[in-house]
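Protein chains: 4
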Amino acid sequence: MRLLAADPSVRIEVATAHAQAGKPVEEVHPYLAGRVPLTFVPFDPAAVAGMDCVFIALPSGEAMQIVPALQGKVGCIIDLGGDLRLPTAAMYEHYYKKPHTSPTLLGAAVYGLPELHRAKIRNATLIANPGCYPTSVILALLPAIEAGLISPAGIVVNSLSGVSGAGRSSAVELSFSEVNESVRAYKIGNHQHQPEIRTVLEQVAGTGVTLSFIPHLIPITRGIYTTVHADLRTPVPIADIQKVYADRYRDEPFVRFGTRIPEIRAVTYTNFCDIAVFLEPHTGKLVVTSVIDNLIKGAAGQAIQNMNLVFGRPEHALLK
Amino acid sequence: MRLLAADPSVRIEVATAHAQAGKPVEEVHPYLAGRVPLTFVPFDPAAVAGMDCVFIALPSGEAMQIVPALQGKVGCIIDLGGDLRLPTAAMYEHYYKKPHTSPTLLGAAVYGLPELHRAKIRNATLIANPGCYPTSVILALLPAIEAGLISPAGIVVNSLSGVSGAGRSSAVELSFSEVNESVRAYKIGNHQHQPEIRTVLEQVAGTGVTLSFIPHLIPITRGIYTTVHADLRTPVPIADIQKVYADRYRDEPFVRFGTRIPEIRAVTYTNFCDIAVFLEPHTGKLVVTSVIDNLIKGAAGQAIQNMNLVFGRPEHALLK
Amino acid sequence: MRLLAADPSVRIEVATAHAQAGKPVEEVHPYLAGRVPLTFVPFDPAAVAGMDCVFIALPSGEAMQIVPALQGKVGCIIDLGGDLRLPTAAMYEHYYKKPHTSPTLLGAAVYGLPELHRAKIRNATLIANPGCYPTSVILALLPAIEAGLISPAGIVVNSLSGVSGAGRSSAVELSFSEVNESVRAYKIGNHQHQPEIRTVLEQVAGTGVTLSFIPHLIPITRGIYTTVHADLRTPVPIADIQKVYADRYRDEPFVRFGTRIPEIRAVTYTNFCDIAVFLEPHTGKLVVTSVIDNLIKGAAGQAIQNMNLVFGRPEHALLK
Amino acid sequence: MRLLAADPSVRIEVATAHAQAGKPVEEVHPYLAGRVPLTFVPFDPAAVAGMDCVFIALPSGEAMQIVPALQGKVGCIIDLGGDLRLPTAAMYEHYYKKPHTSPTLLGAAVYGLPELHRAKIRNATLIANPGCYPTSVILALLPAIEAGLISPAGIVVNSLSGVSGAGRSSAVELSFSEVNESVRAYKIGNHQHQPEIRTVLEQVAGTGVTLSFIPHLIPITRGIYTTVHADLRTPVPIADIQKVYADRYRDEPFVRFGTRIPEIRAVTYTNFCDIAVFLEPHTGKLVVTSVIDNLIKGAAGQAIQNMNLVFGRPEHALLK
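Protein chains in written order, with this note's numbering: chain A, 10 to 329; chain B, 10 to 329; chain C, 10 to 329; chain D, 10 to 329.
Note that these hints are calculated values from the structure, not bench results.
Watch out, some of these pointers could steer you wrong.
No copy is singled out in the list; a pair is fine if it fits within one copy or between any two copies.
Heads up, simulated DSS-like pairs for lysine-lysine below, C-alpha to C-alpha not over 30 Å straight-line [said to hold, decoys possible]: (1) Lys129 x Lys82; (2) Lys196 x Lys32; (3) Lys252 x Lys32; (4) Lys32 x Lys106; (5) Lys82 x Lys107; (6) Lys107 x Lys196; (7) Lys82 x Lys32.
Work the whole structure out from these sequences, hints included.
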């Protein structure tokens, strides 16, 4: 809403909520004071019928119950959660620890990564907006996999995320005193973004991919730092690898490929993904680092980028 | 000095400094007010001759000039810098970007990791206190390498460090506004702790080791989080690996091996290293995570642990 | 427990809890791993009868229900909460928003500020350990009020507190993302520590005191920064005021009065309170700043200081 | 530049620098990569002659040397530093610790606080952009002083600032490890923003004003929290005071007056100033709290707001 409210050509018509229904938006989100003069209402499909675009941002398991009631009634549905991203109900159940109750939706949505599916997004009516970690990891690996530079087996991904990635939460382990001045890895081997990353990379590679994805929680509010190690199929000079990446992303409005080591603060509050590649001299492995703002390119910004594509607006509208 | 000052059986006799010489210790370090009633003096070998123990904490290249003047004049020298840690002058020059002017010192010092060299430390008169990153990485890998569980090739180490690891610095890139709410990897492929880690692990393995070490700067003051990926030589159940680690560290006073994923805040302001091991299910790789306080187990605490060993004191004196 | 566990002359016999009963202490508090080999048990007066010392740290309203069952059965009770600190049930009810069910306890406890009541504490069996804000504010004002330097009316107190002051909490407004990179004042005019501060200062002044106490939540874990403005009764040179403070605190083991502007990091993880005084040149007001670690001098450290006094131990035992 | 670069109707023609001259803007400021394709050049009056608008952001003492060379050569000069803000050279020298070498400039610039001088700003060719602290303090007090509600004597101002207020600095005392997890007051009684605040308030009040201004450095990057205590001339119900403030700011696009206690995170990265007023019940004093982003409403945002006014653009252009 913060991003959308800045553009008079976009009108926010309805804001829905559960626990906060009945409260003014600006009471729940003081930074929207004077900018979004709406009151949260309970969700009702009838109230949003006829809208051009509906954004869904719900806990896992809830979007799958709402989407069927909206399909055909609104111009485009963009779901920011994970309910529409995986290919099978079994995979969903394994990682999200709950059954998928609308399995026909799986595969029905376009995976909304513009750098990969821009043409399809332009014609989509149902978009699965990518997860925050997957956005940073897939963009880091896409050129190398497309070009067949790296082995698809044994890829090692270490990602560091700010706390806003967990949503607005009252969990003790996300309280300031537990997070501040600390770091912890979590969900080693079973994070729900692992199969999302793998599914997309396998589609690109046309073959199986195995990767280890280790997420870490660090004491910042916004931002993801991803460091990838992968084995080259055959030795390649770093300059050649850099050329592959530079060519792949030259015309992308929101990917900045360069030779400096990326840092999160360069992308905070923006829709940019900064990427750099290195050859580690002792192991010969390819190292790729990427950074995004998990709330922008990793969530709301990418959703707006998709909205812009669907509605024929400039792709960077509202995003710079 | 903060740690040493708490024990009446230890007397801090002399505190030396360059730029701060002439100032009371408590003016430079307000938290020592009322605890260390000394004034910094310029370094002078004569002034410290006869001391039981001398701690050296200087920028690289300086300890090598001082140690020869102290040898034989004091009971024990514990150097917290990197001048005495590497085996050859060539390796030193490559990573520290300056020549080693006292190459005869290389190999003369005991590498002060009690978990590896406790017996030698007890009789040492010259100790190279381990680097902060190496402490966290070596302790994470030691049992697996000793037991021959993992391949010594292609080990991937991602470490995250708090800012105090860089010392007291006026560099713009360590200013609050540049570090806060950000993360950046640095010295990819050429950090001076890589050869230190590799040298120690190769001595343990009795063979060559290759590893990629990627350090990251994160916005905390104290703490290191290390996440290691290594390939098992042959598949082994996780319980067996846990047993190897538990047995190896059972009697270590400052290593806590467990099954919980470590977090930095559990070790801040302590000399503990917390370690846990996992089998990543998609790649089959061994994942080890370890945490230390870089200023305690990664520096001053380990130096005091070494001092305790040298002087026959309880190993945990001053450290709990 | 972290502080107590470091001294072999102290034995932690029982640790009680409600929701966490049945869990090992080190599971709830990983930093105590290997240091406190106890399991939390539900509170039971019989289980603690005969102990030398019982520390109570409970939400407001609960200590008042437990203390009567313990009186006479244990050597000394030290309550870290607010149930025993105020003089009247009416005042308690007004600020704590609940009735006081054991009003006979009010006035029965010694207010455990050693700098004010050391002799009484030595003989106490029931101690009301001071609140964190009151400790920092009372120590800042004590010498000036005792010496009659300032007017007791219209004192302005601005205090900044780290988040640990709120206890271990799952409140959304204490989550990392809501606290980080932000500040907010709270409970303007109705914080429960205002009457505690006022009551103590009025006892010292022998007359009524009015003060405005504005607490602010800031994004640090530990520490309180207090800045006080007060009107001098008559103009006094700053040197004279400094002498009053220096004389008052000369022999106090945990108050460091000086001329430098205090900073929180000098007292973090210590039992010290650092204080300085200034004359503001434009208004002529006395400005006093003080800092403490709210978890040490503002809570557990002061409780141990009191325990040391009660049991004739060195006052700084366990605290340096 | 970040703000200006988002609007195609604004063209950044020249970016000047001293030490960084010759470097691409995006090398010095990575977050501007792909957005500001300029290289820093040394300052040269000839190179900027003919520009519509010149922004000056220099250390104190430098703008006063440049402004005379630009007057009459460019459309409008907006100085973000302190050289043009004070009324007399003596006052400048006292607080900035250096002589003012262009005293004829004093009084020549319009003080660029739109809420106070909007009409004058529209016609200005030389604007002194207000300091960050003064913006937050003056907006907090303006309605109360204009309406004669408070006594102009003995006003107490406590302000908390993020570290970016000190500029891009390599000072050790602004390094992460010294600022993080700490707070310190500084320049008690002699901060250069005190006379700026006082000068403006005295113009509004038409009489002398005395105030104590205590700035504190806190560990956030952006934001100022100001808490003011003032004595009411005569008792007034809080509702009446709220009405005075609400009326005064009703049509201001960037002041949000409300009844909630302000918090910094509601204004970060925006040009808003949030304000609330309270009657402290024990002292009867008026308490006003205000928050701004020191880099936006406290600096660059307000400069752009002034530019918008000068050039007849919508006042909120580029700022929401």
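How the hints compare with the structure:
1. Lys129 x Lys82: Within. Shortest intra-copy distance 20 Å satisfies the 30 Å Cα cut-off; inter-copy 53 Å does not.
2. Lys196 x Lys32: between (35 Å within a copy, 22 Å between copies)
3. Lys252 x Lys32: between (52 Å within a copy, 24 Å between copies)
4. Lys32 x Lys106: The answer is between: 26 Å across copies meets 30 Å, while 32 Å in one copy does not.
5. Lys82 x Lys107: For Lys82 and Lys107, the Cα distance is within 30 Å only inside one copy (28 Å; across copies 52 Å).
6. Lys107 x Lys196: Within one copy, since 16 Å is at most 30 Å while 42 Å is not.
7. Lys82 x Lys32: The answer is within: 27 Å in one copy meets 30 Å, while 52 Å across copies does not.
The structure meets every hint from the earlier list without exception.
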